[in-house]
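> These are the residues of each chain, in order.
Protein chains: 2
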Amino acid sequence: MGSLHPAEKPKAIDLSHHLNNLSRSRHPSPLKDILKYMVQPGMISLAGGLPHPSLFPFESLHTRAYAPDSNLAPGETKHGVVDIHIPQTSASTSNIAIALQYGPGTGCSPNLVSFLREFTARVMQPAYADYEILIHSGNTDGWNKIVNLLCEFGDYILVEAHTYPSAQALWAPMGCKGAPIAMDGDGLLVEDLRRVLANWETDHPGVRRPKLLYVVPVGQNPTGSTMTFERKQAVYALCVEYDIIICEDDPYYFLQLPAYAPPASRKQESQQDEQALLASLVPSFLNLDYQGRVIRLETFSKTLGPGNRLGYFVCNPIFAERLLRATEVTTQTPSGWSQAILAELLSAWGQSGYLTWLRNLRDSYAIRRDWMCDLLAERFDLENSPVPTEGVLAFAKGHGSRADRKQLFSFVQPKAGMFLWLKLNLIGNPEYERLRAAAGPNVEAQWNEAFWMQMIEAKVLLTPGSYYTPWEGRDPSPNRRKEEGVTYFRLTFAFESHEEMRLGIDRMARTFELSWNLVA
Amino acid sequence: MGSLHPAEKPKAIDLSHHLNNLSRSRHPSPLKDILKYMVQPGMISLAGGLPHPSLFPFESLHTRAYAPDSNLAPGETKHGVVDIHIPQTSASTSNIAIALQYGPGTGCSPNLVSFLREFTARVMQPAYADYEILIHSGNTDGWNKIVNLLCEFGDYILVEAHTYPSAQALWAPMGCKGAPIAMDGDGLLVEDLRRVLANWETDHPGVRRPKLLYVVPVGQNPTGSTMTFERKQAVYALCVEYDIIICEDDPYYFLQLPAYAPPASRKQESQQDEQALLASLVPSFLNLDYQGRVIRLETFSKTLGPGNRLGYFVCNPIFAERLLRATEVTTQTPSGWSQAILAELLSAWGQSGYLTWLRNLRDSYAIRRDWMCDLLAERFDLENSPVPTEGVLAFAKGHGSRADRKQLFSFVQPKAGMFLWLKLNLIGNPEYERLRAAAGPNVEAQWNEAFWMQMIEAKVLLTPGSYYTPWEGRDPSPNRRKEEGVTYFRLTFAFESHEEMRLGIDRMARTFELSWNLVA
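Chains A and B are the protein sequences, given in the same order. Using this note's numbering, the letters of the first sequence correspond one by one to residues 62 to 581. Using this note's numbering, the letters of the second sequence correspond one by one to residues 62 to 581.
Hints listed in this document are in silico derivations from the structure and should not be mistaken for laboratory results. Remember, predicted model here, so these are calculated numbers, not experimental data. Check the hints yourself; a few may be wrong.
In this list, chains with the same sequence are indistinguishable; a pair is considered to hold if it fits within one copy or across any two.
Listed next, the in silico DSBU-like pairs over lysine-lysine satisfying Cα-Cα at most 30 Å (straight line) [said to hold, decoys possible]:
#1 520 - 97
#2 543 - 484
#3 328 - 139
#4 139 - 467
#5 93 - 520
#6 328 - 467
#7 484 - 97
#8 93 - 484
#9 543 - 328
#10 93 - 543
#11 328 - 458
All chains, please: the whole structure from these sequences, using the hints.
If you want it as C-alpha cells, here you go:
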C-alpha cells in the first residue's frame, strides 16, 4: 500500500502527449474570466446570465434515508432512518438556491468533493500526490469523456477478451477497434498483454500502437473475474514500459466478496471492522500509480443507486483540467438534486458510516453469490478444475460413471460483483457435433443462438457471451485465437429472489440435459 | 398556427442524409434485445445487471414546492405550497425504486414525457405529425449531441453575428467554423442568410456548404433580440430551399415580454388568461416545420432551475432515434431525482398550472426589464433611432445642446429573455480617436478592453461583446464586415436587486461620461 505521508509521494509526470487533437484544442470559456471579477467585494454584476434563485419553485427538500448500518441481507427490513433536509438557503450545507443554480463543472456541493477527497486518500491511497477528483454524470459518460480526451478516430484500444458492450458501443462508431487481451479468473493475462504490445508493429504495420487500456478489474463485466494485486502490479509495470494510460472502470470495487465456501464449511462471517474491510479489498490501480497514468472511474451506481447518475474521475491534474473543459461544454455539472442529496447523505453517514454501508452491501451480494453457487452445486456435479484460475467443472447431476460423463461447462466462483460466467464445453454435444460435421460457418454461434432460444422457451433468460466479443473491425486480426467447441453465457445473481433463482437454475439445467441428451 | 388535427399534418420527410458518419455508425446495444424477453410473463431473468432496489438507501423523498400561481415579482413572498411526495414504490407516480434504477434513455418517469407531449402539442403546435420528444440533460449537452449527430470535423455552422460562446466552445475544437449571419433587433437578417448561402461556393471554393443553423430566436444571448414570426417564416423557407437543419435553442421562449413602455404610460398588466398568454408568444420554428427539419432544444433551466439539468429535444423520428443511441452510450437518461421531482411537480401543477407559473415568471422578468430600461432612461438622454429595429440612441444626460451632443450607444428594449445589448458608438470618443490616429491594430478591441477595466475599477461588471464573436478560424473570411467605431457590451437584468441595478447603471454612466470627457 502507498505511503501515508502525501508529502513523500511524487507528483504526476507530464502525460500531456496522450491528449488527442480535440481535447488539446479546447479553450476555457471566456465567460469564466468574468468570475474572478464577480467575486470582488462591492462589485455590481450586470454580467451573468443566472436566473434569480427566488424563481426556483422549491422551498425545501426532505429525504428519508436508511441508517448506514442497515441490514441489507435479502428479505431483511431496514431499520433506522437518517433524515436529510435540504433548505432553500444555508451557510454550511447543500441548499436549493445553489443546487438548482448553474454551477461550476467541479460541482455545486463542495462538501461532496471534500468527502470524496478524504475517502479516496483513505481507501484508495493513490501513489502520487497531486491527483484530482472531478465529479461526472456516471461512468458511461465518464468513459465517453475519456475516449474523447485521448483517442483519435480509428485508434485501437486495449480491452479484455470479453468486454463491456456499452463501453465499446461508444468507440466502435468512431472507427476505433479493440485489441483484446486474454484473461482468466484472475483477470488480464500479463503475458498476453506483453505479446500484443511487443508484436504490435509486426502484427499491425503502420497502425499506431494502442495508448489506452480499458479494464474493469474487479468483478469484471461479463466474466466476474477479479484481478489479483500481483496481476495489477505486472500490468501497471507493462503500461509504464509501453506508455499506456489505464482506464480503471471500477463500479464493483466495493462488492469484493469473501471466497465461496460450500454451505457445510461456510462460517457466518463476523461483522468486519473498518480496518478489516479495507484490508480485504484488492488495492486499486491508483495505489500503484506513481506516475498518474491511471484514470479511475468511480460511480455511485452500484452503491447508492444508478439513477443518481453521479460518479467521479480520479486522475492527474492535466487530464482533470481537460476533462473539466469538456464537461463545461457538454453535460455541465451533474444534476444539483443528485449532488445535494448524496452530499448530505454521505455527510450525515460520515466516512465510517459509508464504509459500514458498503460492508453490509458487500455482505448482501455475498449471500446472493452463495445462493447461485449453491444452486449450481445442487443441480450439477461440480469438480475443481486442474487449472485453479478456471474454477470448477460442471457435469450433469448423477449421470453416468465418472469415466464417461460429459463436462458441460466450467465457471469461476465470483470473488466480486454481480456476475457468473459459464464457459460451455460443446465437444460431444449432439447438436454441436451435427453442425460441425455439416461444416457450416460459425458453428459455435449457430449452436449458441439455438440453445439460447431453448432456454428462453424454458423461461429462463441468460445473456449470450457473444454480446461481449470485442469489436476488432470487419476483418479481425488473423491472430485472434478461435476457441473451438467453446461458448459463453453470463448469469447475474444480483436481482432475482432465492426461489426465482432456484427456478431459473433448474430450467437452465433441464435445457442443458435436453441438449446433451442426458434426460433420464 | 398549425392545424389542430394531427391526422391532417404531414409526416416528417427523410432527412437521414444529414446524419454524420459517427451517428450513422451507431448500433443499438445488443443488451437491449434482452429487454423484449425479460418482460415475457413467467420469465426468470438471470440476464440483467441491475442492483436490487432494496439496496438503494432511500425510503422516501418529499419536496415542498410553491403553488403555480405564486407571485414571482421581485421582493414578493411566495404563498401557497404544493407538497410532492415520492414513495419507494408506487403504481402510478414516480417512485424511488424506478428513479434510482438504470432506466431507458427515454426516461424513467413516463408521466414526464406524456406531460411534455401534451404541452408541446398544445403550446408549440408542430406542423408535422410524427415528431418525437426525447429528454436530455440540459441544452448544453443537447447541443453537443446535435453537433455530434450532424457535423463532421471541419464543417461550417451557420450562427448569429453574435453567438453564444458555450455553444461554439463545443464545436471550435472540432475544427468547425462559424458562418455568421447579420442580425438586428428582430433577429437574423434573411437577406444576409440568403447572401451567405447563395454565394457559398464562390466565397468558399471546395468547402461543403453549411447544413446546420444554430439560432436562439427568442431573447437571443447576447443581443436580447427576438425573431418576429415573419422572419422565422422567411428563414424557414430559405432552410427548405437550401436543405438546412435548424437547431432552435430556445431557453427564453417563455420569457417573451410585453413591449416596454415608460413608467408614465405603463399600464399595470392585467393578469392574462391562458389563451391570451399563448397568443402573445411568437410561435416556435416547430410551428412552421412541415418537414421535420427543426431540432428544438427545450430546457427547464430558465423556468424551473438550471441545476435540474433536464430538458428535451423535439425533432423528427430519425434524428430522435440516433440521439437516443448517442444518449445510451454517453449520459444515459438524466438524473432520476431530477426526472421524478419535475414529473411530480408538473403533474401536481397540471398543464394550466405550469402555464400560470410561466406567465408569472414572465411578469417578473418584465418588471426587471422595465427597471433596467427605466434606469437607462433616467441616467441617459434617450431618443428613438430612425431605424426602428435599432431601438433607441443614448446620449449623455443633459449635456450640451441637441446639435453637438454625442451619441454614446444604442440599444433595443428587450422583448424577451434576460439581456440588454449595448452597441457603443466610439466615433468622437477621445481615447478611441487617439488610438485610431496612432493606427494600431484592433483599435476597437484595445479601446474595449481599457473601457471594461475602467468599469471594473468603478465596480460595475458587464460582459464584453467580443466574447460573442463567432469563431471563423484563424483567417476569417475577407467578407467579414468590420464594424469601425463600434463595440458591444451585454447587460443582464435577471439577477441584481433594483437598488444594485441603479448603482450599477450609475457607475456605468459615470464611466461613459469620464471616457467621453463629459464630466460636468
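> Of the numbered hints stated previously, which ones are contradicted by the structure, given in increasing order?
4, 6, 9
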